[in-house]
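**Q** Sequence:
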Amino acid sequence: MKNRLRELRAARRWSQADLADRCRVSRQAINAIETERHDPSLPLAFTIADVFGLTIEEIFRPDRTETTGNPA
Numbered sequence: 001m002k003n004r005l006r007e008l009r010a011a012r013r014w015s016q017a018d019l020a021d022r023c024r025v026s027r028q029a030i031n032a033i034e035t036e037r038h039d040p041s042l043p044l045a046f047t048i049a050d051v052f053g054l055t056i057e058e059i060f061r062p063d064r065t066e067t068t069g070n071p072a
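When you number the sequence shown by the UniProt record's numbering, it's gap-free, plus one each residue, and the end is 72.
Bear in mind the hints are in silico, worked out from the structure with no lab data behind them.
Glycine residues also receive a C-beta, built at the ideal position from the N, C-alpha and C atoms.
Hints are not guaranteed to be accurate.
Unchecked claim - Computed Cβ-Cβ distance ranges for the label pairs, DEER-style:
(1) Lys2 / Pro43: 17 to 25 Å
(2) Arg61 / Arg12: 26 to 34 Å
(3) Ala17 / Arg64: 28 to 36 Å
(4) Ile56 / Ala10: 14 to 22 Å
(5) Arg64 / Arg24: 28 to 36 Å
(6) Arg64 / Asp21: 27 to 35 Å
(7) Ile56 / Thr35: 13 to 21 Å
Make a model of the complete structure from these sequences and hints.
**A** Next comes the structure, spelled out in structure tokens:
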């Protein structure tokens, strides 16, 4: 899943630890989401969206490079 976390965090001059504190998760969790190694749970995605005052859709986008197959 693609996301804008790094961009949004940098615009506010927050470290990963700052964002993690606001979301009540570890800095490592924020790093894993930013680097797209981990997708957030739905509750965490809502928390992140609330912290930035945005909708989930404004922060997270599905990775459209995955193939879904060709229906017959």
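**Q** Which hint numbers does the structure go against, in order from smallest to largest?
**A** Number 2 only.
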